[in-house]
Every structure is written in C-alpha cells, then in structure tokens.
Amino acid sequence: MSDRRLAIGPDAIDVPELVRALSTEDPGAHGAIVTFVGTVRGENQGRRVTRLEYEAYAPLALRAFAIISDEVSAHWPSARVAFHHRTGSLAVGEASVAIAAASPRRSDAFSACRYVIERLKQVAPVWKHEFFEGGEAWIEGATADVSDASAREEAYRRSCG
Amino acid sequence: MRVTIRLFGRLRELAGAPVLEREVAAQATAASVWQLLAADAPAVEPYARSVSVAVNADFAKMTTALEDGDEVAFLPPVSGG
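Respectively, the protein sequence lines represent chains B and S. Sequential numbering from -10 applies to the first sequence in the working numbering. Sequential numbering from 35 applies to the second sequence in the working numbering.
Chain S on its own, in the form it takes in the complex:
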C-alpha cells in the first residue's frame, strides 16, 4: 500500500523534501514508516527519540497501524508561540 509522508522544520530540511510518497507493507505502522525514512535519509536518525507523529492530521502514536492512502506526518519538537 502507499502512504504520504509529511515533514516539517529541520526534519524537512534533513530529509530534503516536505512531502514523500512511499510503498509500505500491508502491516505498516507509523514506526515502520519512520524506519523507512531513516534508512533513506540517515540524517533524521537523531530525531528518533524526540519526534512525534500524526496520521491524517490527527495526533497518533508510533504504534498506530496505517491504511492505504494515509498521510503520516513526523513532527520535530515544536516551538510555537
């Protein structure tokens, strides 16, 4: 199945693109998509412990199971205000 990955801030710069499309296994979770991203762009690896995740524009967990067509966003630590 296919998922869209969205990246922000410094994570977007390290990955080299704001939006990526990836083919993933049927049992994929947000965590497995992160691992795929880190394999493609090892520079994002230092964010493994501080990143948070959203699926289809709602807050999610790394353990969240994905479906075909889902949008997975990885968020570096936030700094609004």
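So that you can see chain B by itself, here it is in the shape it has in the complex:
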C-alpha cells in the first residue's frame, strides 16, 4: 500500500480512516479537521438517476491526487489533506468521494478541502456513467489539463470565497 492519504478503488470509503491518516506525531498540530463527502444524487438534469458507474485510470488518478496535494501545500503550507475516490457501481446515496483537510486553524482547513474537490473535478481521470430511468449517458465535464493555470486559479478563487 502506498500513501494511505490518497487512494482510488472499488472499496467503500471510510471517512474516519481519512481523518486518522492526517494524524501526525504532534497531536496538537491541527486545530481543525474539515471533511467533505460527495454522494450520488438521485436527480440530474431532470432525470431520475438509478445508479452511477465510475471508471478511472487509477495510476494517473493517483498522480493527479499527488499533484493536487502538492498544490494544497503550496497554497496553505500548514494544511494537510487526505482523499479517496471510489470506482465501480454506486447506488444513489453512496459516497463517491471523500476529502479530509487538517490545519492549525479552521479557515485554511475549509479552503484546502474545497480546493481539493474543485481541482479533482477539473483534472482527475475519472468518468461517471449515469444510469437513469429510460436510459444511460456518460457525463463529461472538463478537459483534464493539470498545467492550465487559469483552471488552477479558478479552483483557488472558489476555495477562498
């Protein structure tokens, strides 16, 4: 097992494990831990969603996660993040992604947590195949480009709003 802070795979997401992954040798290092859990919504664009299948290019996803984690360290040097993304078939209500962000003060923890989800949606090589009543569709969002500075700035702007 590589870095337990960053993972992608078919196993159900364990949010307390993400929080534990942020613990350091100094128990007083963090004054705040923020968690975000993304779940499968039962409605999308007027369609009644029955399930989502998540496909990923796992080795590249881990590379993207490491880049995002490094970007967090550059913006908020005292913050640490851990996040897991799930793959495979997920029922409505299940967790598809979870993020934990720790920092000495809450403001940076909230910002770092928001930054991770914004960046993850921009660059992580993960695809939603939506199954809904009456059909199915691939959901396509952003062209993944980790070197696009304007996307990075947009994610940072949203994180600090």
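Don't take each hint at face value.
In the DMTMM-like style, the derived pairs of lysine to aspartate or glutamate whose C-alpha atoms are separated by at most 20 angstroms in a straight line are [claimed, not checked]:
#1 Lys110(B) with Asp134(B)
#2 Lys95(S) with Glu105(S)
#3 Lys110(B) with Glu42(B)
#4 Lys110(B) with Glu143(B)
#5 Lys110(B) with Glu129(B)
#6 Lys110(B) with Asp92(S)
#7 Lys95(S) with Asp137(B)
#8 Lys110(B) with Asp59(B)
#9 Lys95(S) with Asp134(B)
Calculated from the model, a selection of chain B residues having no Cβ within reach of chain S, i.e. all distances over 10 angstroms [claimed, not checked]:
#10 Asp0
#11 Ala1
#12 Gly31
#13 Arg36
#14 Val38
#15 Asp59
#16 Pro66
#17 Glu83
Just so you know, these hints were derived from the structure itself, not from any lab. Note that this is a predicted model, so its numbers are computed, not measured. Yeah, the Cβ is synthetic: ideal placement off N, Cα and C, and Gly gets one too.
Following the hints, put chain S in place on chain B, whose structure we already have.
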C-alpha cells in the same frame, strides 16, 4: 515501434476496445497516434478538440514524442467527484 493505447469512458465505447496495440513510425507523437486511432475509428473524431493525453500514466501533451513500448492514454473530458 509498438505502442499501447488506452481508452476510457465514451471514447472507449466509440473505439470498441479499452486497450489497443499499434505499430507506429519511429518519430511518432501522441498526436500521430490519435490520428491513427481516428482513421481506424472515425466515431472518436468529435473528441479531437476536447481529448487530453497521458503517456506512461503521467500527464502529457499531444506533441509528446513516444518511445517503443510506451502506453498512450486518451482521456475524454473528466467527470469525477
């Protein structure tokens, strides 16, 4: 030289396979492999402007030069989260 092509999401469905092996010219770039793919599977052509590329599981550019045995992945627009 020989390269492995990996495809995902709707691009994988349009090309009809998740993994392809292709013989390419010695000077091949990711872009020339894309052109080869689009010639074989014209249905992928609409993705020419929105696709991004990875070589050996790291983010790359269409201009990236390839070596024998490389794995080139073409990524349709992503939708994680």
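Verify this label for me: Pro66(B) is non-interface relative to chain S, using a Cβ-Cβ cutoff of 10 angstroms. For Pro66(B), whose nearest Cβ neighbour in chain S is about 24 angstroms away, the distance exceeds 10 angstroms, so it holds.
Take the C-alpha atoms of Lys110(B) and Glu129(B), compute the straight-line distance between them, and say whether it is at most 20 angstroms. With Cα atoms ~10 angstroms apart, Lys110(B) and Glu129(B) stay inside 20 angstroms; holds.
Beyond 10 angstroms from chain S, beta-carbon-wise, is Asp59(B)? The assertion about Asp59(B) holds, with a minimum of 13 angstroms to chain S.
Taking 10 angstroms as the cut and beta carbons as the points, is Gly31(B) off the interface with chain S? 16 angstroms, holds
Under the criterion that the straight-line Cα-Cα distance not exceed 20 angstroms, is the pair Lys110(B), Asp92(S) satisfied? Status holds; Cα separation ~18 angstroms.
Please check whether the beta-carbon of Arg36(B) is more than 10 angstroms away from every beta-carbon in chain S. Non-interface label on Arg36(B) holds, nearest chain S Cβ at 15 angstroms vs cutoff 10 angstroms.
Need the status of pair Lys110(B), Asp59(B): alpha-carbon distance at most 20 angstroms? 16 angstroms, holds
Would the pair Lys95(S) and Asp134(B) pass a check requiring their Cα atoms to be no farther apart than 20 angstroms? 9 angstroms, holds
Looking at Ala1(B) again, its CB stays over 10 angstroms from all of chain S? For Ala1(B), whose nearest Cβ neighbour in chain S is about 17 angstroms away, the distance exceeds 10 angstroms, so it holds.
Below or equal to 20 angstroms on CA atoms is what counts here, so check Lys110(B) against Glu42(B). 16 angstroms, holds
Non-interface claim for Glu83(B), where every Cβ of chain S lies beyond 10 angstroms: 13 angstroms, holds
Within a Cα-Cα threshold of 20 angstroms, do Lys110(B) and Asp134(B) meet the stated pairing? It holds: about 11 angstroms lies between the C-alpha atoms, which stays within 20 angstroms.
This entry satisfies every hint, going by the numbered hints stated previously.
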